[in-house]
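Engineer: Got chain A; can you put chain B on it based on the hints?
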Amino acid sequence: MASEKPKLEFLEEEYRKINKLPRLTKAVENLDKIIELLSAAREQVASASESHTAITITKLQNPVKTAFEAVNDGLKGAAAAHKKMGRALDKSFPLKPLPTDHDAMADHVSLINRAITMHLLREGQFSVASTFINEVQSTLKREDSADLDEPMEEDDDEDEGMDADEAASVTSSDNYDLSSFHSRELQESFAEMYNILQELKARNLMPAITWARNNSVELEARGSNLEFELSRLQFVWLFKGPSVNGLPDDENNGQRGALQYARSNFARFQTRHLNEINRLACSMAFAPNIAASPYKQIFAIDTAFSDVASSFTREFCSLLGLSAESPLYLAATAGALALPQLMKYTQKTLAKGTEWTTSNEMAFETPLPESMLYHSIFVCPVSKEQTTDANPPMMIPCGHVLAKETLQKLCKGTRFKCPYCPSEGMIKDARQIIL
Amino acid sequence: MADHGASKINHDNHLLLDQPLLRLPYELLRKNIRSAHYHIEWDTNAVKDLLKETATNSINQKASKQDVVNNLDQMLARMRGLKRKLSTYAEEENRLYRQSTARVAHLRELSDVHTVEDVKYEAWSRQRLDRLVVDYMLRHGYNESANALAKERNMLELVDIDTFIAMSKIRQSLENGSVQEALAWCNENKKELRKMQSNLEFQLRCQQYIELNRSSCPKPDAIAHARKYIVPYSDTYQTEVSNIAGLLAYRSDTPHEPYASLYSSARWKMLADLFTDAHLKLLGLPQFPLLHIALSSGLSALKTPACHSSQQNQSHQGQKSHKSATPGPGLDDDQEPRSHGTASLQTSVCPICSTELNALARNVPYAHHSKSHLLEHDLMLLPNGRVYGKAQLDDYADKSRLGEGEVKDLVTGEKFREDELKKVFIT
Numbered sequence: 008m009a010s011e012k013p014k015l016e017f018l019e020e021e022y023r024k025i026n027k028l029p030r031l032t033k034a035v036e037n038l039d040k041i042i043e044l045l046s047a048a049r050e051q052v053a054s055a056s057e058s059h060t061a062i063t064i065t066k067l068q069n070p071v072k073t074a075f076e077a078v079n080d081g082l083k084g085a086a087a088a089h090k091k092m093g094r095a096l097d098k099s100f101p102l103k104p105l106p107t108d109h110d111a112m113a114d115h116v117s118l119i120n121r122a123i124t125m126h127l128l129r130e131g132q133f134s135v136a137s138t139f140i141n142e143v144q145s146t147l148k149r150e151d152s153a154d155l156d157e158p159m160e161e162d163d164d165e166d167e168g169m170d171a172d173e174a175a176s177v178t179s180s181d182n183y184d185l186s187s188f189h190s191r192e193l194q195e196s197f198a199e200m201y202n203i204l205q206e207l208k209a210r211n212l213m214p215a216i217t218w219a220r221n222n223s224v225e226l227e228a229r230g231s232n233l234e235f236e237l238s239r240l241q242f243v244w245l246f247k248g249p250s251v252n253g254l255p256d257d258e259n260n261g262q263r264g265a266l267q268y269a270r271s272n273f274a275r276f277q278t279r280h281l282n283e284i285n286r287l288a289c290s291m292a293f294a295p296n297i298a299a300s301p302y303k304q305i306f307a308i309d310t311a312f313s314d315v316a317s318s319f320t321r322e323f324c325s326l327l328g329l330s331a332e333s334p335l336y337l338a339a340t341a342g343a344l345a346l347p348q349l350m351k352y353t354q355k356t357l358a359k360g361t362e363w364t365t366s367n368e369m370a371f372e373t374p375l376p377e378s379m380l381y382h383s384i385f386v387c388p389v390s391k392e393q394t395t396d397a398n399p400p401m402m403i404p405c406g407h408v409l410a411k412e413t414l415q416k417l418c419k420g421t422r423f424k425c426p427y428c429p430s431e432g433m434i435k436d437a438r439q440i441i442l
Numbered sequence: 099m100a101d102h103g104a105s106k107i108n109h110d111n112h113l114l115l116d117q118p119l120l121r122l123p124y125e126l127l128r129k130n131i132r133s134a135h136y137h138i139e140w141d142t143n144a145v146k147d148l149l150k151e152t153a154t155n156s157i158n159q160k161a162s163k164q165d166v167v168n169n170l171d172q173m174l175a176r177m178r179g180l181k182r183k184l185s186t187y188a189e190e191e192n193r194l195y196r197q198s199t200a201r202v203a204h205l206r207e208l209s210d211v212h213t214v215e216d217v218k219y220e221a222w223s224r225q226r227l228d229r230l231v232v233d234y235m236l237r238h239g240y241n242e243s244a245n246a247l248a249k250e251r252n253m254l255e256l257v258d259i260d261t262f263i264a265m266s267k268i269r270q271s272l273e274n275g276s277v278q279e280a281l282a283w284c285n286e287n288k289k290e291l292r293k294m295q296s297n298l299e300f301q302l303r304c305q306q307y308i309e310l311n312r313s314s315c316p317k318p319d320a321i322a323h324a325r326k327y328i329v330p331y332s333d334t335y336q337t338e339v340s341n342i343a344g345l346l347a348y349r350s351d352t353p354h355e356p357y358a359s360l361y362s363s364a365r366w367k368m369l370a371d372l373f374t375d376a377h378l379k380l381l382g383l384p385q386f387p388l389l390h391i392a393l394s395s396g397l398s399a400l401k402t403p404a405c406h407s408s409q410q411n412q413s414h415q416g417q418k419s420h421k422s423a424t425p426g427p428g429l430d431d432d433q434e435p436r437s438h439g440t441a442s443l444q445t446s447v448c449p450i451c452s453t454e455l456n457a458l459a460r461n462v463p464y465a466h467h468s469k470s471h472l473l474e475h476d477l478m479l480l481p482n483g484r485v486y487g488k489a490q491l492d493d494y495a496d497k498s499r500l501g502e503g504e505v506k507d508l509v510t511g512e513k514f515r516e517d518e519l520k521k522v523f524i525t
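Top to bottom, those sequences are chains A and B. Residue 284 in my numbering sits at position 277 of the first sequence; the count goes up by one each step and never skips. Residue 306 in my numbering sits at position 208 of the second sequence; the count goes up by one each step and never skips.
Isolated chain A (complex conformation):
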């Protein structure tokens, strides 16, 4: 790829060139010319005497003919430019058909709608989310009333199928009502999160600290240091004084303010963070020249506010039982990364004439970057299969791990030999483990 210009750059340049070519606007300009010619001729004929009419009209024909040709040229130019565009596209962005025969998501519209709503809320797009919720609900209402008009003959179809469908539609609409109710609560929660984040952006830590304090038990149980991180940052922020933090120059600000803040707020952190607090206290002695002191790291807060904002978002979402990053975003990104493999595989199976039946596991690998691997994967070295609920990983006394089915196959009676090391064991000594 190094020698060839990147395809999209090439395409961009081609588009730029094509854009300069004359096209329909040129045709319009030439039409104007014709209109001018015709108008002029009309005025002439109307004002001059009868005898001149024939000549005026005859003389009109040639210029008009030329102008018509120019109009046509404009049209041809547009077509040529368009053709060039097509060629450029085919060259640098050739059409690769997408896998469109089987839509696995077709029956799950309401679930996808819910996922989108939550995504919008996470992103702070509250008004779009409201519009979306309303539109979805009014569409559902319309569909429901339309269904009621359906002729009753359909009930005569296999009762089983109908019942299942009915049940499904009832539960799916139930799911939806539930989630729309949820959405209001969620919306409020996210609105709260957003407000706090806005304040953080404006360097106001107080709402965040209040929130962290209110949820301190939960946060501690998770092993989170958020409350202390926020308080420490507040200390440093005050310490920096009015010239940096823009707060009024009074006894609540500057070194004095910071000390006062520490006195009233750090007591609760003594047990867990005594070391840190000691450092902060000592750093005050270096106030005249922090930058050269061993404490300069504490006071280098360029990224501190955005870091603490990320921590806050993560903890806030966790307490809601939600992941910090939008799952919809991760799924779509993973989808784009995995799609080429899917297409390559679909093409190959089509060519061979075999069919990929959707079983539990995909038939080909779709490597994702490490940041997108969220679970430990154990592939039994003997059977080369992933462990599942039905075939869980088992640890044998020597500490090695095998898939249950592998272990069972290895057993002669009740004893087996570990494939890794010389030790032997009894099958009853193997334990199922949860990775």
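Bear in mind the hints are in silico, worked out from the structure with no lab data behind them. Among the hints, a few may not be true.
Quick list of in silico lysine-lysine cross-link-like pairs, DSBU-like style, CA-CA up to 30 angstroms [what the hints assert, rightly or not]:
id : chain 1 : residue 1 : chain 2 : residue 2
1  : B       : Lys367    : B       : Lys379
2  : B       : Lys469    : A       : Lys424
3  : A       : Lys83     : B       : Lys488
4  : A       : Lys148    : B       : Lys367
5  : A       : Lys24     : A       : Lys91
Structural biologist: Positioned in the frame of chain A, the structure of chain B alone reads:
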């Protein structure tokens, strides 16, 4: 399989979902030029002929001065009309070229990004998700939302709201029982529909006929209509045409097949779907939202057997999402926090385990891995069967202020002594 190669962006293949982005303006431009061509031909030929005729008549003294003036006025009127129409086409052409340029520029941004970890990739990928969501909304007719989102994100150039809104208008007119708009559309796109061998127009004509049958009795209108519009199809759609013919003998409330189905109001939905399919195919767009494609691929790629496992990794997750979602002091009666661990547990981060996607991913296949990938090293087995990394356990013990030699399960909160742990060897 986790290797650094997976982080690298393969530019050739990364834009599969973005093909319609560039192709659609190209197709719309084609339609635009064709319409312009049609009108230019029509009007310019008419004027050319008229001019010639006027000139000849003027020379032969068959036309008076006033006649000539009148004719010139006529020609002017035509040309002015053509100019108006042509201006709209020229404007549309310019708009589509502008749009194409903006879109190429957007895709071009990706060529500067080489790994998934790059912060620029994240921004680009988020914008792609926005595009996919707008496309999804438009497909399902949630037009207002699509508009709102596109405006908010400043991406009007990257989405085709007008095209979809026009399509959904016609679709709605069909659902409301009118074939006019759809027939007009068929007329505009005769050539393509013929190439696609679409039976849309035939079905629409049938529906007209059915409506005529429904109302009048006797049915001279229906017969006249059939003679004009349906008979031409008698070779291509033999069975249908004979059914249609039979319809004359049955009333609209008949229970007999196939006539009952023909009279049924479910046909309108069928027509709406048929129209949508034809329209999408014409524009080179997939039959279902791009988001569906991205999701089926992505959900599978991310899914592991653990995500829907009966193991209690996400038990408290599930509880949380069904209880009140507002974060408040999470205290029970006995002052114990509701959630234990999940300090750094991956299940709280895994998108498939999340409340948003868990149900959606239930029926897709999980990803195929040929190599183990462990998130932690130095694995230790707790007496309750769970396995964690040594560093993980030490960290959590630290944060939970446990004593020496004590560890706590990150998920269940159970406490154990360090000497109860066993080493696990997984390579």
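Engineer: Are the hints correct? Go through all of them and say.
Structural biologist: Against the structure, the hints:
1. In summary, the hint linking Lys367 (chain B) to Lys379 (chain B) is supported, as the alpha carbons are separated by about 18 angstroms, within the 30 angstroms threshold.
2. With a C-alpha separation of about 23 angstroms, the suggested pairing of Lys469 (chain B) with Lys424 (chain A) holds against the 30 angstroms cut-off.
3. With a CA separation close to 73 angstroms, the supplied pair Lys83 (chain A) and Lys488 (chain B) exceeds the 30 angstroms bound.
4. A C-alpha spacing of about 16 angstroms is found between Lys148 (chain A) and Lys367 (chain B), which places the hinted pair at or below 30 angstroms, so the restraint holds.
5. With a C-alpha separation of about 10 angstroms, the suggested pair Lys24 (chain A) and Lys91 (chain A) falls inside the 30 angstroms cut-off, and the hint holds.
In summary, the structure is inconsistent with hint 3 from the numbered list given earlier, while agreeing with all the others.
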